[in-house]
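Novice: This is what each chain is made of:
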Amino acid sequence: MINKKQRLLINIIVLLPFAFFALFPIYSMLVLSFSSEKSLMAYPPKIIPGEYTLNAWRNVFTTRPVVKWLTNSIILTSLSTLISIVVAIFAGYSLSRYKNQFSIGIGYFFFATRMVPSTLIIIPLYILFQKWGIINKYPSVILAYISFQVPFASWMMKSFFDSIPTSLDEQAMVDGCTEIGALFRIILPLCPAGIMACILAASVLAWGDYMFARTFLSQNELLTITVGIKTFFQEYRFHWSEIMASCLLGTVPLIFLFLLFQKSLVKGLASGAVKQ
Amino acid sequence: MYLWRWKPQRVADITAEVTCLKHMVQGNFNLVTKGKVLELVKRGHIKLNKLNAKLKVVRNNNLQKRRRYLGIFFLVPALVISLLVIGYPLLQMLNLSFREYNLMRPTTLGKFIGITNFVRAFTNYKFRNSLGTTLIFTFLVTILGYIIGLFSALLLNSLKKVKGFFTVSICLPWAIPGAIAAYIFLQLFQSPGGIITYWISIIGLDVSWITQKLPSLFLVVIVATWKSYPFVTMGLLAGLQTIPNEIYEAASIDGASNFRKLFSITLPALKPITTVLLILNGTWAFKNFEIIWILTGGGPARFTQTLGIDLYNKAFVNFNFGYASSIGVIMLIISLFIIFLYMRLMMKESFY
Chain A
2 MINKKQRLLI NIIVLLPFAF FALFPIYSML VLSFSSEKSL MAYPPKIIPG EYTLNAWRNV
62 FTTRPVVKWL TNSIILTSLS TLISIVVAIF AGYSLSRYKN QFSIGIGYFF FATRMVPSTL
122 IIIPLYILFQ KWGIINKYPS VILAYISFQV PFASWMMKSF FDSIPTSLDE QAMVDGCTEI
182 GALFRIILPL CPAGIMACIL AASVLAWGDY MFARTFLSQN ELLTITVGIK TFFQEYRFHW
242 SEIMASCLLG TVPLIFLFLL FQKSLVKGLA SGAVKQ
Chain B
4 MYLWRWKPQR VADITAEVTC LKHMVQGNFN LVTKGKVLEL VKRGHIKLNK LNAKLKVVRN
64 NNLQKRRRYL GIFFLVPALV ISLLVIGYPL LQMLNLSFRE YNLMRPTTLG KFIGITNFVR
124 AFTNYKFRNS LGTTLIFTFL VTILGYIIGL FSALLLNSLK KVKGFFTVSI CLPWAIPGAI
184 AAYIFLQLFQ SPGGIITYWI SIIGLDVSWI TQKLPSLFLV VIVATWKSYP FVTMGLLAGL
244 QTIPNEIYEA ASIDGASNFR KLFSITLPAL KPITTVLLIL NGTWAFKNFE IIWILTGGGP
304 ARFTQTLGID LYNKAFVNFN FGYASSIGVI MLIISLFIIF LYMRLMMKES FY
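Each protein sequence line maps, in turn, to chains A and B.
Residue numbering for the first sequence is 2 to 277, as defined by the working numbering.
Residue numbering for the second sequence is 4 to 355, as defined by the working numbering.
Don't take every hint at face value.
[Said to hold, decoys possible] Going by beta-carbon spacing under 8 Å, a handful of chain B positions derived as facing chain A: (1) Val88; (2) Pro180; (3) Ala184; (4) Gly311; (5) Tyr315.
[Said to hold, decoys possible] The following residues of chain A were derived to be distant from chain B, with all beta-carbon distances above 12 Å: (6) Asn60; (7) Ser79; (8) Pro166.
Think of the hints as simulated: they come from the structure by calculation, not from any bench.
C-beta atoms are modelled at their ideal positions from N, C-alpha and C, and glycine is treated no differently.
Next up, chain B with everything else stripped away, as it sits in the complex:
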């Protein structure tokens, strides 16, 4: 079908022709243009029978098959890992939530009990409290984090010279692991000797941060906000830099005050990235475990106990895996709701 004799002309022609022939030998007809083949036929380098039909048919088969296989092949490792370490546990957790799986009662291990676990959860006032605490904690951390992040980003955006120093210093909390941040804040807010306790006592409030209810919630929210607002700052800073300066100048010419500029230009332009940041921050706060666990372990009389803490407690302190799994299923439903909300928001938004 092919003849290998060919007369070289220009270098580019040679490369093209050699590549063309190589691909034809390999069967990659999708990478061989019909024009090139026709030219080679015209010059007498190639003899082909039924040129058009053969090329078309071979090209389609090869192209699709090869591309499909390669695409899936590349995706397989990630898929296998996800299914093994995420898909299977989620299904298993669903399964466990309908069973009695209490290591303290080995006789009934694995017995199917329907929705008893869920009923137990909802009739337990401790669980309902932790549900409320989770919502309060998530809401506070997200909103506070966003406001502080917005302020920092706005201030950082207008700096030029010292921007580097301030950016690094404000973004440093992101690099500190959450657990270590909790250890540090434990010392700073320590009731006899912590320095922040001392400062607050100067104002007149004598507070013991870990043993009193509202202060412990405050402490937990502060630490979580400290840890999460750099992420918001970085995202908003990146978003602010996409707003061209001319818009602000035009608004100044039209007589807009700074406040007006903020609310009518900056915030609407930041809407897409704000959505992303709020959702990401919110889910981080919702699923956060270590900060609360290390600071208060659930708080004075379970006041700072969120759903995640409750789940972990029931699972690895009380060894009641079945009941803990039902809490997990409830958390999963809330997460799915947030994901659904996010998808809808992303679909609706036009990014201009």
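Only chain A is shown next, with the shape it has when bound in the complex:
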């Protein structure tokens, strides 16, 4: 019979292709950004290319305003996430503790919004923002990001707050706490994992957005990093090492955030999704 150790080994061997499938593109991005043009054009292409150079990185920073793009991404993502989380905390508390017909309907509306494609709202938003004159400026993109972050985050907050028994804040209120006090002193400190999961999820959604940034921003200096990389494809010949280098620049902040929050994220998703 197969004993435990052998079973574990078989398990790992079967998992290796999955890990390879998942990691190989990221590995390629890393390696190719440091490869020279010559090794990129070599045939047959090798997994571990021969020559390494920093040329691509130098070119990326000199030919395109990549630092500006990164700054744009960071500012837009953090501003919109901040606003969305604050709004979502209050909305989630309301949806969780004050259940009447009205708020239950709103809750379903928020949940349904997640299933509505962003492509549906972009046309009217574009016309509206053009009327307001904020096309090609930060507020248009921030408002667009908030549009999908707030319902999603509110619903997540609601399910986290639902997992905390109401008797706790009622106890606090008997001792003289106001409702807002109960929110900030009792409930929020009890689910830091949930809030971190929410922040991470909202940031990932906003950072990786392509459609809104591309439609609402047209000046080269205002682009976010995901859209900016596309400009590398406008040349006659694609400099893949430069493209890979800029992709790496666009990914590192997210991976950093992700690894920071990884543990709380799994815990957060579990209680958020299963507790429907």
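Given the coordinates of chain A, work out where chain B should sit on it, guided by the hints.
Specialist: Just chain B, lined up with the frame of chain A:
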């Protein structure tokens, strides 16, 4: 109505009494128990007229009014934002779909033309094709993503030591933005120099992934699956951990094989979270824009053009907002149908 003289006894009593009096001063009679008030009256700290009636009436008014206002007040910012950035655009899109709003024909901007846009859409074979492509793409990505996610979750669940490494590596695609994943895969599947093209050509298939029809669909489905299956894995892993081990052990004692255990214990126990994941993944695939746009832009001869790509093309490349809005309304109807399906599934399911 109140007397402030009181004789302190135990610390707990003092806190309770002080809180009680404070709430009475503020009017929060819902937080003051009748027993406490009676005790204070008995001890002579408070004199109240018509104790019962006054307390009851004030308590109800205060409680309901205050709670209702506060509840709505907390919800107002989120509501305002949603109505402004989602509600208004949806209504406006509905409005636009019945009008001619083509920036290339400024003379008829905004004219009401009824369902002409919809008729144009349904009589256009390109639109019908994109409808079919959307369904195929969504279906493939959802099913593939679920199967791969299920496998990964099952394998990950039985690991103990190296679980961390494998979990992180399998979940990493979720952290990569969809657009950047598309850029990377563009290079890997590049026809002259991409490494995956080379591997596939070793097997004998000489394929140009972007310019041929079926391979481009395959490419788009692969990238979308790569991006979306970590979400399924994480959800299923969390769900698997709620199944107690004793059930498996009992089944082993009864002589069940591994396959039987999988189909009779694991899958039924995962049914609720499977529903959630399938629907969420499906809607993500349905509304996905950037992966297809960057990889094929609609594909060789519109082969990989989904509804979202079609809408965006018509709106921001051809500037025909009216026609694009009608496509949007059709997408909205499909989304509403999916939402309705999901609600019904959630209502029917018992979660055990």
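Novice: For every hint, state whether the structure bears it out.
Specialist: Consistency of the hints with the structure:
1. Val88: 4 Å, holds
2. Pro180: This hint holds: proline 180/B lies near chain A, its Cβ roughly 3 Å from the closest one there, short of 8 Å.
3. Ala184: 7 Å, holds
4. Gly311: 4 Å, holds
5. Tyr315: 6 Å, holds
6. Asn60: Non-interface label stands for asparagine 60/A: nearest chain B Cβ at 16 Å, farther than 12 Å.
7. Ser79: Consistent with the label, serine 79/A stays out of reach of chain B, its closest Cβ about 16 Å off (over 12 Å).
8. Pro166: About 18 Å separates proline 166/A from the closest Cβ of chain B, which puts it past 12 Å; holds.
Consistency note: the structure conflicts with none of the earlier hints.
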